[in-house]
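J.: Here's the letter readout for the chains.
Protein chains: 2
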Amino acid sequence: MATRKEDFSKWYIQTIQQADLMDYSPVRGCMIFKPNGYEIWEHIQTEFNRRFKEEGIRNAYFPMLIPESFFNKEKDHIEGFSPELPWVTEAAGEPLEERLALRPTSETMIGDAYSKWIQSYRDLPMEINQWANVFRWEKRTLPFLRTSEFLWQEGHTAHATAEEANTRTMRMLQVYKEVVEDLLAMPVFSGEKTPSERFAGAERTYSIESMMQDGKAVQSGTSHYMGTKFAEAFDITYLNKENKHVHAFTTSWGVSTRLIGAMIMTHGDDSGLVLPPKVAPQQVVIIPVGPKKKLDVVMEKVDELYAELKAAGIRTVVDDSDNSPGYKFNEWELRGVPVRIEVGPRDIENNQVVLKARDADEKQFVSLADTPLVDTVQAELTAMQTRLFNSAVDMNASHIYTNINTLDELSAHIEAQREAGEVPGWVLAGWDGTEESEAKIKEATGFTTRNIPFAGQYEEKTTCIVTGAPAKHTVWLARAY
Amino acid sequence: MATRKEDFSKWYIQTIQQADLMDYSPVRGCMIFKPNGYEIWEHIQTEFNRRFKEEGIRNAYFPMLIPESFFNKEKDHIEGFSPELPWVTEAAGEPLEERLALRPTSETMIGDAYSKWIQSYRDLPMEINQWANVFRWEKRTLPFLRTSEFLWQEGHTAHATAEEANTRTMRMLQVYKEVVEDLLAMPVFSGEKTPSERFAGAERTYSIESMMQDGKAVQSGTSHYMGTKFAEAFDITYLNKENKHVHAFTTSWGVSTRLIGAMIMTHGDDSGLVLPPKVAPQQVVIIPVGPKKKLDVVMEKVDELYAELKAAGIRTVVDDSDNSPGYKFNEWELRGVPVRIEVGPRDIENNQVVLKARDADEKQFVSLADTPLVDTVQAELTAMQTRLFNSAVDMNASHIYTNINTLDELSAHIEAQREAGEVPGWVLAGWDGTEESEAKIKEATGFTTRNIPFAGQYEEKTTCIVTGAPAKHTVWLARAY
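Listed in order, the protein sequences are those of chains S and C. Numbered per our numbering, the first sequence spans residues 1 to 481. Numbered per our numbering, the second sequence spans residues 1 to 481.
Just chain S, with the same shape it has in the complex (with noise of 0.2 Å):
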């Protein structure tokens, strides 16, 4: 295995494929997400779904393909989407009158579909999710971060005033960083893209970003904000109370797949995988230790705990296959499973077991005298949850640099962490709000703007790192997935 400091890239294509995440397809940049992989989209799916249902969201779903007109009708749309467009020209043996494009996202589908069916006041707000396959023909790829077919949810709402289309985008992006938080024990920096960064027919978008271990970010979840530009393009009108035709204003807001890769990203270390206990396939491994004629004992306590763990819920398996025990240890570290029980004759006759905490140094002899096993394993995911989120808000704030005032300080910065075998990380900069300083910015350092974070989290910066002019903003600059 490559570590991470080695080569990190090389190090999370081994992990994925370690930990039997994936695998690749035989079509370009297709890839397969295996049950251990997708089990992780279930348990995010889930909690998103709890989440949309207290918003009053409800889930639906919208056809695929997309007519060539649909994606002409709004023009920024078009222009961001078209180079990554898979087209569907023929069906049944025959050429199709019309081109169809496999959805990149649906707010072109769902506009149409809201122009008939927003009629009226009373058909607002119109709040709907679609959990699908989405596909953008993507040059580089790799796996879970940059796919050519991907899964995500999509939400798309409609709303009577901005004022109104402004708090479901706001409160989306706060659902986003809450489960992401939680969830994925991954923090996230919410704020505002620029406007080079926006969504294709966008007014607004908001992001949250993670923090990888290379000091990269990826982009892990998008809100946008529409005002009635969709809405204008597609004719979503309705009669308001004072018997006005008006426009809506909507919003749309998704989270992909990508997530699986940001968590493995910030949360892996050089033994494999290590994921967050909320969302691990298998949250504990019960393991049998000692010689082979003890073995009949030793299953019969192993069945026992696996009987009463898997009764309290807890996603537990057993490995009673022929390998050895440093082999399987070895093997579920790989794995990434958050919590490995070591069962043996001595600890019978002890009447404990060993506990071996994925993310921790050493294991711990837990007795089964006093405290149903149950609680202590149910306590240690709790507190490896924990670990891990606190261990990545450790992680993110050692690489984060505040005090970088030009370009040139930027270029060093970026040549004495490479020379010290250090991550560049993420540098808080002045942005004097043009395109042309974010082209310098990318041109000179690779660096991106990420985002601007909200005001009051972080000191405002007075001049463009740029130009030295005044800064409009205060950004996020990094290296981006």
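These are computed hints drawn from the structure, not numbers from a lab. Heads up, some of the hints might be wrong.
One copy or two, it doesn't matter: identical chains are merged, so the pair holds either way.
[Claimed, not checked] Restricting the straight-line Cα-Cα distance to at most 30 Å, the calculated cross-link-like pairs of lysine-lysine (DSSO-like) are:
hint	residue 1	residue 2
1	Lys73	Lys139
2	Lys53	Lys301
3	Lys241	Lys442
4	Lys461	Lys73
5	Lys292	Lys363
6	Lys53	Lys310
7	Lys310	Lys278
8	Lys53	Lys278
9	Lys116	Lys10
10	Lys53	Lys440
11	Lys301	Lys116
12	Lys328	Lys244
13	Lys10	Lys310
Following the hints, put chain C in place on chain S, whose structure we already have.
T.: Leaving out everything else, chain C in the frame of chain S:
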């Protein structure tokens, strides 16, 4: 509204639209699953996921796009599916070197993966399910029942022996029967499909078939035993305990969103949709009635009852819109909500509510004095689920004909039913086992073989309905969706 008897097709389309389950889309044959329609699917998914997990089957996700060369590996498979495939021929502005089909089913993609994943007998059985969208470019489409894009689950398993593969094939057919009968209250007829109706590439196909109120059949789920046909085409071999490379035996099985259409055609009545309580998005609607000046006191009671039902996990809505009670009653009947509760000032005085089950003719006055409303409602939901199943069983029984022995008798039966304004139903017939006889039945009557019931359920027919030769099988004949 058209009645079922006047025009069943028209009744069906009106019912699904008035119940707000779906909408048409601008893409031919692709429908929109609106929240009320999609949530039925979510309840179906939840139950199947629970059952699959009990069977040790895990979910995964495979790419949607399938290279043309994959289809060509299994001759029967490509012959069966190629007339219906849509093709991606361009992506990101360039023509593709090889056309990619939108999956109609995933035997080929998963077969290719299994050929890599399965190396040794230790890797078997391999049992994976996928929830996905699939495409079959149909000439004539009907919402839920036959659409160009639909949603389904497809399970794919590989086994060391023919016996194990056969056991899995039959077990999943049984799981389908149990879930469809229990959850959708829809009785099914299990059996084996005739060779001409087999899945393209299967050695044997089994189905569950359901009878609609117009006497037509819907194939509601299928389970296929592939033998080693796909294993040979995709080189799925493993090293057995004798250290020999041998082919695995595979199965696949699926149910789709057409279950929703079948359920609607089974239970709906001339007032619209009738939903089995277990899958109803809203199980109870509470409607305040009475004069406006007493609305405050009524709403207080309504809110209290709503909170009680909701806390008990009963999916409940309150309709406090400005519409008249009569309008509301009609609207919620159209939507098929199982239980309606009316609360008015007089009810509050008498410590009662009015309860109307969707499938009952009469309202009941329900006292709140002795039994909490939650208990009454839960009992009513359970009773209604059973009633719907039983009345579908009765409906089926009254449309089954077992004494028709020649093609002339069958034609005469169909004609007589038509003249009497009755549906032709299903006919249990002897069949000599030849494709010629099947073709003749279809040509003369429009009836097709549905499946061959398992032995012992019905009296075996001794002569073929077409040729009068000794019958090889006893088969169900019916018109089918």
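J.: Hint by hint, say whether it matches the structure.
T.: Cross-check of the supplied hints:
no.	hint	result
1	Lys73 <-> Lys139	both (26 Å within a copy, 29 Å between copies)
2	Lys53 <-> Lys301	between (42 Å within a copy, 25 Å between copies)
3	Lys241 <-> Lys442	neither (49 Å within a copy, 59 Å between copies)
4	Lys461 <-> Lys73	neither (40 Å within a copy, 62 Å between copies)
5	Lys292 <-> Lys363	within (23 Å within a copy, 69 Å between copies)
6	Lys53 <-> Lys310	both (28 Å within a copy, 13 Å between copies)
7	Lys310 <-> Lys278	both (15 Å within a copy, 27 Å between copies)
8	Lys53 <-> Lys278	both (20 Å within a copy, 19 Å between copies)
9	Lys116 <-> Lys10	between (50 Å within a copy, 22 Å between copies)
10	Lys53 <-> Lys440	neither (44 Å within a copy, 54 Å between copies)
11	Lys301 <-> Lys116	neither (63 Å within a copy, 37 Å between copies)
12	Lys328 <-> Lys244	between (70 Å within a copy, 27 Å between copies)
13	Lys10 <-> Lys310	neither (36 Å within a copy, 51 Å between copies)
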